[in-house]
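**Student:** The lines below spell out each chain.
Protein chains: 2
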Amino acid sequence: MPRSTRRRPALTHPATGEIDLLDVLHALSDPTRMTIVRILRAEPERACGTFPVDVAPSTLSHHFKVLRESGLIHQREEANRKFSALRAVDLEQRFPGLLDTILAAHARAEADVQAEPHAQAETCARAETRA
Amino acid sequence: MPRSTRRRPALTHPATGEIDLLDVLHALSDPTRMTIVRILRAEPERACGTFPVDVAPSTLSHHFKVLRESGLIHQREEANRKFSALRAVDLEQRFPGLLDTILAAHARAEADVQAEPHAQAETCARAETRA
Chain A
1 MPRSTRRRPA
11 LTHPATGEID
21 LLDVLHALSD
31 PTRMTIVRIL
41 RAEPERACGT
51 FPVDVAPSTL
61 SHHFKVLRES
71 GLIHQREEAN
81 RKFSALRAVD
91 LEQRFPGLLD
101 TILAAHARAE
111 ADVQAEPHAQ
121 AETCARAETR
131 A
Chain B
1001 MPRSTRRRPA
1011 LTHPATGEID
1021 LLDVLHALSD
1031 PTRMTIVRIL
1041 RAEPERACGT
1051 FPVDVAPSTL
1061 SHHFKVLRES
1071 GLIHQREEAN
1081 RKFSALRAVD
1091 LEQRFPGLLD
1101 TILAAHARAE
1111 ADVQAEPHAQ
1121 AETCARAETR
1131 A
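Protein sequence lines, in the order shown, are assigned to chains A and B.
Under the working numbering, the residue at position 4 of the first sequence is numbered 4, and the numbers go up by one with no gaps.
Adding 1000 to a residue's 1-based position in the second sequence gives its number in the working numbering.
Excised from the complex, chain A in its bound form (with noise of 0.2 Å):
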């Protein structure tokens, strides 16, 4: 049988009424995974060799593998290519106000990072007292 038309497993969703909240908490506290997903917020579709980080590709597959099946990406596959888009419109159906929560938390710390990266020793402080 020619390469071309081997058939391989298709991909598989959840549907929207069965994405599991655990798991999309679960695929969003990794780093390359939160990427992944505030691209794909800002576009409607990537090819998936094409997102800036920095993984092996074995690793990245697992990654794309986990947010497929969590609910939170939709792929395709064209000529050989998988291409990803976030499944905005579903989590906003199952979850109002989920994702643009965490999107808005992680542009948040990521913006105290930048801004001040030495500014938290007076709250550490009153913490170690606390604590």
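Hints listed in this document are in silico derivations from the structure and should not be mistaken for laboratory results.
Note that the coordinates shown come from a computational prediction; the quantities given were computed from them, not determined experimentally.
Glycine included, every Cβ here is placed at the ideal spot set by N, Cα and C.
One should not assume that every hint holds.
[What the hints assert, rightly or not] Computed beta-carbon distance windows for the label pairs: (1) A:Ala-79 - B:Glu-1043: 51 to 61 Å; (2) B:Leu-1103 - A:Ala-85: 26 to 36 Å; (3) B:Glu-1077 - A:Lys-65: 35 to 45 Å; (4) B:Glu-1043 - A:Glu-43: 43 to 53 Å; (5) B:Asp-1020 - A:Leu-11: 30 to 40 Å; (6) A:Glu-45 - B:Glu-1043: 39 to 49 Å; (7) B:Gln-1093 - A:Pro-96: 22 to 32 Å; (8) A:Glu-45 - B:Asp-1054: 26 to 36 Å; (9) B:Glu-1018 - A:Leu-103: 14 to 24 Å; (10) B:Pro-1009 - A:Asn-80: 16 to 26 Å; (11) A:Val-55 - B:Asp-1020: 15 to 25 Å; (12) B:Ala-1010 - A:Val-55: 13 to 23 Å; (13) A:Glu-92 - B:Glu-1078: 36 to 46 Å.
[As the list claims (entries may be wrong)] Over the 12 Å line for every Cβ pair with chain A, so calculated as not near, a few chain B residues: (14) Gly-1017; (15) Leu-1021; (16) Pro-1031; (17) Arg-1033; (18) Ala-1042; (19) Pro-1044; (20) Glu-1045; (21) Cys-1048; (22) Gly-1049; (23) Thr-1050; (24) Ala-1056; (25) Glu-1078; (26) Phe-1095; (27) Gly-1097; (28) Arg-1108.
[Unchecked claim] Away from chain A, derived, C-beta distances all over 12 Å, residues of chain B: (29) Glu-1018; (30) Ala-1047; (31) Phe-1051; (32) Asp-1054; (33) Asn-1080; (34) Arg-1094; (35) Thr-1101; (36) Gln-1114.
With the hints as your guide, set chain B onto chain A.
**Tutor:** Here is chain B on its own, set in the frame of chain A:
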């Protein structure tokens, strides 16, 4: 040295400004830890042995450590008992709206399961044709 005066290592807690979003998401991605957080959302403090969760003591101890180190809970020791409290104010300061949005999503998912356990067949079928 008598047992009662032996010093145990102090319980460490991240400062509010150092609470890491990905650590919080990871901590909340486990069903036992999510249950603990939901219980603590409803009361000011609770002794660690009194949570209605069905896991071994060593596993539970690990879950409390993950929750404490993520910044989700504060723990204190008193007379050989450990008490836990949700750091709701700190979390709201660090990531406004995050905890409430996640807990609301969890409550919604739980309500769906209880109300209509088989209501998602149609949604599933649609997703399969799309995938």
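**Student:** To test your reading of the hints: which numbers does this structure violate?
**Tutor:** 8, 10, 12, 14, 15, 16, 17, 26, 27, 28, 29, 34, 35
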